[in-house]
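Given these sequences and hints, build the entire structure.
Chains as they are written, first to last, in my numbering: chain A, 3 to 687; chain B, 3 to 687.
Because the hints were derived from the structure by calculation, they are not lab data.
One or more of the hints may lead you astray.
Copies of the same chain are indistinguishable here, so a pair counts whether it falls within one copy or spans any two.
[As the list claims (entries may be wrong)] Here are the simulated lysine to any residue pairs, SDA-like style, with alpha carbons at most 25 Å apart: (1) Lys458 / Asp569; (2) Lys593 / Asp471; (3) Lys183 / Leu232; (4) Lys243 / Pro418; (5) Lys669 / Ala350; (6) Lys321 / Gln368; (7) Lys314 / Gly462; (8) Lys458 / Arg585; (9) Lys458 / Phe583; (10) Lys669 / Pro404; (11) Lys593 / Asp453; (12) Lys321 / Asp453.
Number of protein chains: 2
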Amino acid sequence: MRRLAMLIVFGVFGLGAAAHADEGMWTFNHFPAAQMQADYGWAPDQAWLDHVRLSTLRLAEGCTASFVSGDGLVMTNHHCARGCVGALSDARHDYIADGFYAAALKEEKPCPDIEADELMGITDVTGRITAQTAGKTGKAFAEAEQAAIAKVEAGCDTGADRRCEVVTLYNGARYDLYDYKRFQDLRLVFAVEDDAANFGGDPDNFEFPRYDIDVAFLRVYDHGKPLHPLDHFRFETTPAKAGDIVFAVGNPGSTQRADTVAQLDFQRDYSLPDRRTLFSEEAGILWAMGQQSPELRRETLTDYFFTMNSLKAYQGEQKALVEGPLMARAEAAEAALRQKVAADPALAADAGAWEGIAQAETHYGQILMRYILLELFPERVMPRDVGDAMTLIRYAGESVKPDDQRLEAYTQANLPALTQEIDAKTPDYPAVDRQLITWWLMDVRYYLGADDPDVKAIMGRESPAQIADAIVFHTRLTDARYRAALLAGGAAAIDASPDPLLVFARRLNGPARAVLDDYDNNVKAVITQNAALIAHAKFALYGTSVYPDATFTLRLSYGRVKGYEQDGRFVTPFTTFGGAFARATGQPPFKLPASWLQAEPDIDLATDLDMAMSVDIVGGNSGSPVVNREGQVTGLIFDGDIQSLGGAFGYDGSVNRGVAVDATALKLALAKIYHADRLVREIDQ
Amino acid sequence: MRRLAMLIVFGVFGLGAAAHADEGMWTFNHFPAAQMQADYGWAPDQAWLDHVRLSTLRLAEGCTASFVSGDGLVMTNHHCARGCVGALSDARHDYIADGFYAAALKEEKPCPDIEADELMGITDVTGRITAQTAGKTGKAFAEAEQAAIAKVEAGCDTGADRRCEVVTLYNGARYDLYDYKRFQDLRLVFAVEDDAANFGGDPDNFEFPRYDIDVAFLRVYDHGKPLHPLDHFRFETTPAKAGDIVFAVGNPGSTQRADTVAQLDFQRDYSLPDRRTLFSEEAGILWAMGQQSPELRRETLTDYFFTMNSLKAYQGEQKALVEGPLMARAEAAEAALRQKVAADPALAADAGAWEGIAQAETHYGQILMRYILLELFPERVMPRDVGDAMTLIRYAGESVKPDDQRLEAYTQANLPALTQEIDAKTPDYPAVDRQLITWWLMDVRYYLGADDPDVKAIMGRESPAQIADAIVFHTRLTDARYRAALLAGGAAAIDASPDPLLVFARRLNGPARAVLDDYDNNVKAVITQNAALIAHAKFALYGTSVYPDATFTLRLSYGRVKGYEQDGRFVTPFTTFGGAFARATGQPPFKLPASWLQAEPDIDLATDLDMAMSVDIVGGNSGSPVVNREGQVTGLIFDGDIQSLGGAFGYDGSVNRGVAVDATALKLALAKIYHADRLVREIDQ
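This is the structure in structure tokens:
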């Protein structure tokens, strides 16, 4: 099984612009209550904010979730729990196709690799970081920043159930310490069938109107018993209606709204087209393999699902960059800002920042394919054993260094996450793995060239298929106990292992680490430093009432339940169960599951199913609770409309919409379609 | 088997700039002899030009070839004859893998679908076309131009062995009538093994140094006997050496060197990324299918080969647009030209042309995916039966109209090509066809949307797999006799057929024809008219010593055998047989065939194998003879270096190189590796 790289993609963070109405992914420590009060005639108080913050969770692999009972019941999207649902399936139990319901507590099944984080507090640590980085550039800056961050995180960390992260906001103009309670024992309680979660499939993905119930329930356990969380959401007492004020509470992954024109050019010219090319090729391979047998279909389906999801997102982002007025606006805004900076002697130090970023992006363009193929693919796209091998090899190298000199993923603070990842028991799909590894190495050679020194170092005179065969059919890293033993044995055990996958990972690590260092020192550090200068100039000229670009940390976005105009027609903000039955053709992806067809007579077809809201969300908000003024759950975000994909670069309140399952529909489905009486009772308590 | 859409891609033609040394794809009626004499101290005379023109052929599906004996022997690239070599193969004879040699004349095997054209003459017909189009715009212009062209072609056409084509040069600033002798009976004489033709595979494609013998020989037959052509090439009497003057003679497919900035933006933002995405997905599917069995590998290999070839070309073109100075230069040149036009009252009528093109490109961006998926895919990417069905349906509609109102492909002048295409016997690969059709229809629904009226009209409530099953397993169009009978029966027979593939094609034809008309009237016609205005301004301001953009018609490019600098190293212009043996690993694509390994002791390893030349070529030049001052063949073009892919948009003589098999190597291989004594004798005559 592949690791799911749903959201945390290759972007570089930026500084948001001053917000228009409904725009903004606000941090909990700087919520613009006065502005909302002025615009909406109502705003939340601190108690509301604390209740909502503590009831919401981040799923570490790229989603949002929420506590919905006092016994640790967690609600999220089916697609956020999909890795677990798939991993628990086998040739006899296909929980993706058939769904899952633990009728009793003891039937709840441990998920191998999910972590949920509850945000306990936020502290500004800007001074502690910049004191160490001042006056440094490039590699020296990157190392000083990394050491300072490691030190702050280590000082906060008080055990395996805490997770401390320094978050770089406004591109380095501010650093905040996010202090989480970490939960690693989550179990699957309930999942709908794929045909219900994903009705409409790829054609309907990122579209509205929609007809999905994209929900799964997990439960957090603490020492083997259901957790009693500090707080949790209750379901709505009054159903949502058009015009209601609503909040999306979640962890938007990454936006590039404050990128310079050079950064947007890089997205348009390199990042998006190259990713579309690679992911399309992978989608084709996974689809064609899935056609061969029901077994291969099951083994490839989840990877295919996420690959197609990413592709549609990239396509929408590219469209937003080349079609709309976005680029022209960014060019005009940048020109105006640079003119003001040039005219202001107090901002003289900031004037070169744009050119500095442009040079870093030019370099990034030159190394991008190498960076993606050697550094990102092993961890994020390849079968998990390849990533595990790289993790172990790097752990062996980093674990012997002082904590503040290690790569961030290998610090003491990150050891619990790393351990969970290495120890997780997930099924092996050797036939799929062999194809994916062969394809990857073919692309390494194809894109970097057969005579490239890195390619020669990694592959020697062996062919991609020979290497894949040696890895897939002879490694012991598929055995969780062996992986755990290597991790526990540390550098000595790992370095001594003759496992062919570790031998391969040692060969790969040199070139991969070299391009990672190149990226860290000559792209990321340069952009961080220069973007901080631009942020400084913006603060000085435009004031501080701005939100930072998304950073996969907890944010609040407010808006209303609201339709929109498309192609001259008004799209109402609600769909109904009746709409789903009318859209069904009986053929995937427009096939409703048997449970729905059986329940049809019991359902009032006029009941609301999905709804659209003018909230400002992006990937990472999947699983976000939609919260009403009373602090109750009134829906469950699972998507945005096609226009919302432009949200990576800018928000357009006239058409950008978040798409949620209505809470009424969730309760109706649990009761009348799935007869999940235990869950209904627990939610109603 | 799919039709090969090797070269004639979706570009729109432009007007070339004034040429620098070695730059230029010159027409035979305007060869710049004086300029070459001045630059090189030598230039060809009219007799040389006539000899070379009559000895060179165009292969109608997208390549170049040449007569190399008085008995109609034709030399071209293996990859240009690959469709025939594959079609003649079956489960017991894999001529792609094993090569082919007809030791006697009677063993030569008819190719099902190759046409070769010999250029007899060129006539300027500009006045006859513009007399009909003057004062018209949009749809009226497109229809008048089409009618005028049909009339000129019909007047020239004097039988099935003639092919008359009006070629639009300089974007409509000139129309020339190209008069060809048409040959449709070609037979396979010799083909090397794929491992020799394509040594280095995708990683080495579009690279230099190279080590390939990419050659096949065909023979033109006339009434069942070898043809005695009007002229033919002899092989070199003196081997080529560095610095020699050489000519590439061939049919470059398409360049966009005179495109406006709006047109280049369209290439960068829409055309190239969208094609890379679609072709990558197809490549993944074909590759994964080919992994399933040797049989499926054989059935998918040629499609995979051409898909990967296109992908690397698109990637190189996109790189040229975003990395090099090309865009900045185009912007500067356009700004300068527009300023001159604005300042010159005599050119006032031309001033709006750039904006007109920009608007057409904006529209093109909106319809591109629909145009590709509904109009281009059926003919160029899908299994041939789908294209045949569309051809028959359209023929039924067009054949009842007067000749000058038909779509160009359906005029009387084009009937021989259409008949050959419909009648060609090629093998069926139903398992592959089913997957490709399913994938295509999935993409139609994915990119255009499930609620799109065209999608509903084409697919109804059936799924892509249901439609593919109905087509692939129940159509009779796989039977060449049935296809021929339908064509002969005309509209009545075709309209009466209940064949499920024809039923489907009828549903597809409405939306496909609508987007084709939209493209013809609102994109192509608008660009042609406005580009002609820009050409007019350029002629007025810069004079007429320019070459037109490539149009898949016969051109001459001259240069020298010449190395180049790359990454600070000088790359010499020759490789040797010894280099090939050193590069071989024994694993594809770096596996030399058994014939080479056996012959190694007999070969002087210092013998030149491939060579690089500063000629100006693009796709379509594949199979071009390299001709020396004596009018002899001194090499066989099969590729360009990676930099030459930027040649679509501009020529850079410092690094753009054509790559050819040295004629010495060709003769050595025929004699010592392949023992093709009959061929060696025929060539030496």
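So, going through the hints one by one against the coordinates:
1. Lys458 / Asp569: between (54 Å within a copy, 18 Å between copies)
2. Lys593 / Asp471: between (38 Å within a copy, 19 Å between copies)
3. Lys183 / Leu232: within (11 Å within a copy, 86 Å between copies)
4. Lys243 / Pro418: Classified as neither; 43 Å inside a copy, 66 Å across copies.
5. Lys669 / Ala350: Close neither inside one copy (59 Å) nor across copies (70 Å); limit 25 Å.
6. Lys321 / Gln368: Both ways: Lys321 and Gln368 sit 23 Å apart in one copy and 10 Å across, limit 25 Å.
7. Lys314 / Gly462: Only across copies: Lys314 and Gly462 sit 24 Å apart there, 36 Å inside one copy, limit 25 Å.
8. Lys458 / Arg585: between (53 Å within a copy, 12 Å between copies)
9. Lys458 / Phe583: Answer is between; shortest inter-copy Cα gap is 18 Å, intra-copy 56 Å.
10. Lys669 / Pro404: neither (52 Å within a copy, 66 Å between copies)
11. Lys593 / Asp453: Between copies only: 16 Å across chains, 50 Å inside a chain, cut-off 25 Å.
12. Lys321 / Asp453: between (36 Å within a copy, 20 Å between copies)
Violated hints, in rising order: 4, 5, 10; the structure is consistent with all others.
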